[in-house]
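With the hints as your guide, set chain B onto chain A.
Chain order of the listed sequences is A and B. Those letters in the first sequence? Residues 1 to 269, by this note's numbering. Those letters in the second sequence? Residues 1 to 269, by this note's numbering.
Keep in mind that the hints were calculated from the coordinates and are not lab data. Honestly, I wouldn't trust all of these hints.
Residues from chain B that keep clear of chain A, each with C-beta distances beyond 12 Å, as calculated [to be verified]:
1. Asp-13
2. Arg-66
3. Lys-77
4. Ser-95
5. Asp-246
6. Arg-255
To spell it out: a stretch of chain A is covered by chain B in this simulated footprint if at least three of its residues, at any positions, have a beta carbon under 8 Å from a beta carbon of chain B; those stretches are [claimed, not checked]:
7. 46-53
8. 106-117
9. 160-170
Dumping the calculated SDA-like pairs for lysine to any residue here, alpha-carbon to alpha-carbon at most 25 Å [unchecked claim]:
10. A:Lys-218 with A:Leu-71
11. B:Lys-218 with B:Leu-171
12. A:Lys-218 with B:Pro-82
13. B:Lys-218 with B:Thr-268
14. B:Lys-218 with B:Cys-263
15. A:Lys-218 with B:Thr-268
16. A:Lys-218 with B:Asp-120
17. B:Lys-218 with A:Leu-71
18. B:Lys-218 with A:Pro-82
19. B:Lys-218 with B:Leu-32
20. B:Lys-218 with A:Ala-248
21. A:Lys-218 with A:Ala-248
All C-beta atoms in this analysis are idealised placements derived from N, C-alpha and C, irrespective of residue type, glycine included.
2 protein chains.
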Amino acid sequence: MAGAGFPYAPGADPAKRAGEAIALWCEHLVGLAGPACVAVKPQLACFERLGAPGWWALERTVAAARSAGLLVIADGKRGDVPVSAAAYAQGLIGSTPTPWGDVPGLGADAATVSGFLGADSLAPLVDTAAERGAGLFVLVRTSNPGAADLLDQPSPSAPFYERVAAMVDRLAPGLAGDGLSGLGAVVGTTEPGHIARLRELMPRSVFLLPGVGAQGGKAEALGDAFAAGPASAIVTASRSVAGASDPAAAAEGLRAQVWDVACRAESTA
Amino acid sequence: MAGAGFPYAPGADPAKRAGEAIALWCEHLVGLAGPACVAVKPQLACFERLGAPGWWALERTVAAARSAGLLVIADGKRGDVPVSAAAYAQGLIGSTPTPWGDVPGLGADAATVSGFLGADSLAPLVDTAAERGAGLFVLVRTSNPGAADLLDQPSPSAPFYERVAAMVDRLAPGLAGDGLSGLGAVVGTTEPGHIARLRELMPRSVFLLPGVGAQGGKAEALGDAFAAGPASAIVTASRSVAGASDPAAAAEGLRAQVWDVACRAESTA
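This is chain A alone, in the form it adopts within the complex (with noise of 0.2 Å):
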């Protein structure tokens, strides 16, 4: 019966019922939109809302997502001093030691990361990642009108977010795979202007493309940052596939879509 084993009895306070309530729609949404889909990526601020109960309606959408074959991408934009940083990395992808024995984290595959505070605050990020074959999208051009404030500011010769974008570049042999590295980017859709250029930019990461759908972004602008291959790019529509009124369809027409960018993107290169 799905909701066995969760630990709280309907009737309980509201936080409790809210994240039964949570849960059960995750799993749901994973079961109808899951087979068009690479990964889950929960946005953890609508989880820690909830304290507690939250958290484990997050860990449970996490197993749901496991069990269904789906990667998970914690996106909580988490972003600190390095001795912080060391410990968010052991919460989302790595474990905590105890002196009562290793406390298993999030298990993420991956998670998006600020790297605001410079290269010396992702470094535990990467080296946890590393340890656990894990990957880290970092926000270089971020999908809401604001992103301009700061990003799109000149620095001497070129927008402030392209010298985020070397910095991602230069520790990206951290995370090197084959052909690819795990130290990816968080590239905004809105603006898909931006994107040939990021491409060039990072030639060696993994582009999560936010935006699409409910924020106004187009599948079809993206073909740029499939540049590096079919497997160089996630398109994420969470909020369109999750509030459709048929997600599985959802989820299904953004698959294709996208499959024919990334084909089309590779034809070309």
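Quick look at chain B alone, frame taken from chain A:
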């Protein structure tokens, strides 16, 4: 009895035992160092790496701080696109509506946040903080060596962090109090040469000053931060207090030093 009501019996799994131990230790630390402090600043990474039991320990630490009459600064450095920033605002300082009633968030008095994604990513946090009488500390110039990678880089006429500071000051009226604004700034203390200029750029913001002690910052170099009044800056020294053999004495020693610096700054101003 300490620990009464905590849902995890000793003998349970490592995460639960570690969560219980951390909660007890944090309660103890609040009792020892609290009398010399104005606030506790829990680093969320250190709690969330234990999953749900970590979140329980965090809630218990917050409750202990409140009982001791201390403010709570949730140190999570969250920063995301507006829709997700709104969820973080609910989780840290607001509450989340559910069909079964409102779920209260952590109830922090303030939170550290990242403005990397621009002003619109801060707006939902500012709105919630204004509603709840809470404050925010935006990362401006952090205390890690890597801050030089991006934050210290020149934009056309000044280092990039000055641009961040200008954004903070532009948003400060949204949390205006009596003279000072609750939209504060995180300004690391390991490079105190920046502080006078940042006070000039953000005359209304309360400064949160990490990096004293364990990270090498010195309290006596922070006078410029207090130029907007003795309540215009908060010095944090989590590791050098929590890791001291006598946390009460360490906190009291730092309190006396900071008070001296703040008073001297005021008499000069």
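Taking the hints in turn, this is what the structure says about them:
no.: 1; hint: Asp-13; verdict: 8 Å, violated
no.: 2; hint: Arg-66; verdict: 16 Å, holds
no.: 3; hint: Lys-77; verdict: 5 Å, violated
no.: 4; hint: Ser-95; verdict: 8 Å, violated
no.: 5; hint: Asp-246; verdict: 22 Å, holds
no.: 6; hint: Arg-255; verdict: 23 Å, holds
no.: 7; hint: 46-53; verdict: holds (count 7)
no.: 8; hint: 106-117; verdict: holds (count 5)
no.: 9; hint: 160-170; verdict: holds (count 4)
no.: 10; hint: A:Lys-218 with A:Leu-71; verdict: 23 Å, holds
no.: 11; hint: B:Lys-218 with B:Leu-171; verdict: 29 Å, violated
no.: 12; hint: A:Lys-218 with B:Pro-82; verdict: 20 Å, holds
no.: 13; hint: B:Lys-218 with B:Thr-268; verdict: 20 Å, holds
no.: 14; hint: B:Lys-218 with B:Cys-263; verdict: 16 Å, holds
no.: 15; hint: A:Lys-218 with B:Thr-268; verdict: 58 Å, violated
no.: 16; hint: A:Lys-218 with B:Asp-120; verdict: 22 Å, holds
no.: 17; hint: B:Lys-218 with A:Leu-71; verdict: 45 Å, violated
no.: 18; hint: B:Lys-218 with A:Pro-82; verdict: 20 Å, holds
no.: 19; hint: B:Lys-218 with B:Leu-32; verdict: 23 Å, holds
no.: 20; hint: B:Lys-218 with A:Ala-248; verdict: 58 Å, violated
no.: 21; hint: A:Lys-218 with A:Ala-248; verdict: 19 Å, holds
Of the numbered hints listed earlier, those contradicted by the structure are 1, 3, 4, 11, 15, 17 and 20.
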